[in-house]
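Enquirer: Chains U and A, in that order, are what the protein sequence lines are. For the first sequence, the numbering used here gives the first residue as 18, with consecutive numbering after it. For the second sequence, the numbering used here gives the first residue as 1392, with consecutive numbering after it.
These aren't lab readings, by the way, just hints derived from the structure by calculation. Built from N, CA and C at the ideal position, the CB exists for glycine as well. Do not take every clue at face value.
The calculated label-pair distances, taken between Cβ atoms and stated as ranges, are [unchecked claim]:
#1 U:184 with A:1666: 50 to 60 Å
#2 U:305 with A:1594: 38 to 48 Å
#3 A:1493 with U:424: 40 to 50 Å
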Amino acid sequence: MMNLFISNGLLRGTPVDILVSGSTITSVTPHGEVTAPEDAEVVDATGLIVFPSFYDCHVHLREPGFEYKEDIESGLAAAAHGGFGGVMAMANTNPTNDSASVTEAMLQRAQQTWPNGPYLYPIGAATIGLKGKELAPMGELAEAGCVAISNDGVPVGGAEMFRHCMEYAATYGLTVIDHCEDPTLAKDCHMNEGTVSEAIGVKGQPVVAESMQVARDILLAEFLNLPVHLAHVSCKQSVDLIRWAKARGVKVTAETCPHYLLLTDEILNNYSTAAKVNPPLRSEEDRLAMKEAVKDGTIDIFVTDHAPHADHEKEHPIEGAPNGISGLDSAVALTWTQVEDGTISEDEFIKLWAEKPAEIFKLPLNTFAEGDIADFFLFDPKEEWALTEEAMHSKGKNTPFLNNTLKGRVKAHWLGGTRVV
Amino acid sequence: MPQEKHFIWPHKDLLDVSQLSLEEVSHLLDTAEQFHEINQRPVKKVPTLKGKSVVLFFAEPSTRTKTSFDVAGKRLSADTFSLSSSSSSLTKGESLKDTALTLEAMNPDVIVLRHKANGASQFIAERLDCAVVNAGDGCHAHPTQALLDNFTLRRAWNNEYAGKTILILGDVKHSRVARSNINLLTRQGVKVRLCAPRTLLPHTVNSWPVEVFHDLNKAVEGVDAVMCLRLQLERQQSGLLPDLSEYARTYCLTAKHMEMAVEGAKILHPGPMNRGLEIASDLADCKDSRVLNQVSAGVATRMAILYLHATRKDKGA
Chain U
18 MMNLFISNGL LRGTPVDILV SGSTITSVTP HGEVTAPEDA EVVDATGLIV FPSFYDCHVH
78 LREPGFEYKE DIESGLAAAA HGGFGGVMAM ANTNPTNDSA SVTEAMLQRA QQTWPNGPYL
138 YPIGAATIGL KGKELAPMGE LAEAGCVAIS NDGVPVGGAE MFRHCMEYAA TYGLTVIDHC
198 EDPTLAKDCH MNEGTVSEAI GVKGQPVVAE SMQVARDILL AEFLNLPVHL AHVSCKQSVD
258 LIRWAKARGV KVTAETCPHY LLLTDEILNN YSTAAKVNPP LRSEEDRLAM KEAVKDGTID
318 IFVTDHAPHA DHEKEHPIEG APNGISGLDS AVALTWTQVE DGTISEDEFI KLWAEKPAEI
378 FKLPLNTFAE GDIADFFLFD PKEEWALTEE AMHSKGKNTP FLNNTLKGRV KAHWLGGTRV
438 V
Chain A
1392 MPQEKHFIWP HKDLLDVSQL SLEEVSHLLD TAEQFHEINQ RPVKKVPTLK GKSVVLFFAE
1452 PSTRTKTSFD VAGKRLSADT FSLSSSSSSL TKGESLKDTA LTLEAMNPDV IVLRHKANGA
1512 SQFIAERLDC AVVNAGDGCH AHPTQALLDN FTLRRAWNNE YAGKTILILG DVKHSRVARS
1572 NINLLTRQGV KVRLCAPRTL LPHTVNSWPV EVFHDLNKAV EGVDAVMCLR LQLERQQSGL
1632 LPDLSEYART YCLTAKHMEM AVEGAKILHP GPMNRGLEIA SDLADCKDSR VLNQVSAGVA
1692 TRMAILYLHA TRKDKGA
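Work out the full structure: start from the sequences and follow the hints.
Expert: What follows is the structure, given as structure tokens:
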């Protein structure tokens, strides 16, 4: 059995040595207290933070069907290098992941390409073909390995249908992840509705397109006494509603993405299609409200909403370009800014990227206790690096942060005791 | 030709009026005045742009603007080539980028683009070395229209903009003409009023440097000019208006309204007009109407625009 000894890493601020035997944690001791076993591979982690592997509960890996944008191999490569030990992949592939055969094929590809992880956790479609008409066979999907249900990409407009999705998913212990968007208010929109969209003539999506559905979902969740998870929340109205719901004891959880904390619709002033994403980048007031919601726990988890596209698809006038930002390569560094600026602590950072995702979707978690799965990575919080196309492992180079200098970088990553980066 | 040999036009492209300083606007309109004078002569053609080529790439239906550019180019002896959406490879699925690169490979001096996508002109301007003139992109900008309107107003107001008040009436929300005019006129010290039902105004209009009215009777009081906008008839189908007769009853500009304006206030319309819908027919033909002057101003202004952009790199120009 291979032994691994991580020397002098910072675990929640304390310098520690970590001994790994095979695939699990053997011991975590204050640095210098024990010496490395003779047969152990020793890794000097001085100056580096040790994080349990993170979860990204919202990605689009594009396989099957859109392998020119991304495939499971390249998506998991970006995940591994980005600090993610597991990713939850949305169902808007072609064919849609609305049957066990698609789920199984995805899992098989993941197992073939990255046998030691990062692990792929498929999300099943809520309705057949994501059309919002007939329920998908959620029992079959759960059995095949889907960990949640979602309509992401094609919001369910009808409230009654959405109610049925929640109820039926609950039958199999699955939580529904809702992409909150009123299809009539969001029709033909290409950015946020606000001063910028109205100055440059682009049809904008109002924040109420999102928040009205957030309100609907909260009221349904309370009425049904069932959980609902709200995808990529982007605006003040939504987080105000979620805060209210949580205070009432509604089983609602919510996620947001790095770009909603760092950017506003001002960046689209120049019709930047790299910044075209759905929900769209909002106003500064919304951005500040999102930071506040992350700080006070209204937002439970960070996700990337990793949505890779090919260059030729984004190189159009804004109306012709698809929505989406490629996020796996950069998300950890981008959200580390929130620790640096004091919005959240390092412990809250771990909660947002690892503990809460594991709790909400019932995924394994490394707490660094003896016998825990040895999924962790070393992070240099000081290293500055350029997010160039070459530095990205995803096929999708579509990010408004391209060529920005980021601070904080994943230096090494182990999953089940095996080094993957 | 235009006398100021030392003024080198600093812009490769004309994407919107917002990129132009007021001095540059003034220079452009002075140049247009000289061409306007040429347009009154028995022989209207000058050799200024002989050997230059201008591509008229209209990916959205247009008769007036396209013809205006075509006449402007030909009066300057440029060769003009037309490409419309139905005849172009855009209908065969070619991307705007590839169409633009293909056109540039034929070495034109200026590409004039009309496109339904906002920012389309900027998109191709960033990728091409030749001059790009925006002939209207989506709801964003229509700089040549704003400049010809400015030419028309400048003549009507004897070059005095400051302190004047203009009412822009109609579908501001979807109007590139309104956006470009508001930008230019407010910088010139003109007080701009807007009047339309709430559904045809931007949600954030209160952050614009304008006064907003819903009541035309109040909006028109004491104005020095009214600019009517064309109402796209599909606005009714998209649920923004109940029916056109209600719109006409409330927002059609009539002679009675004009009694409340300053005496001799001018009436503009970018065309094509819906008579009886946004402007009363008799008003369109009255002595204060400048609708046809706008058309001739359009040719002169576009001659100036083509001239400045096609010759800026020439030695001694």
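Enquirer: Each hint should be assessed against the structure and marked as holding or not.
Expert: Evaluation of the provided hints:
1. Distance hint check for residue 184 (chain U) and residue 1666 (chain A): the Cβ-Cβ separation is about 58 Å, which falls inside the suggested range of 50 to 60 Å.
2. Checked against the given bound of 38 to 48 Å, the beta carbons of residue 305 (chain U) and residue 1594 (chain A), roughly 20 Å apart, lie outside it.
3. Distance hint check: the CB atoms of residue 1493 (chain A) and residue 424 (chain U) are about 43 Å apart, consistent with the given range 40 to 50 Å.
The structure fails to meet hint 2 from the earlier list, while all remaining hints are met.
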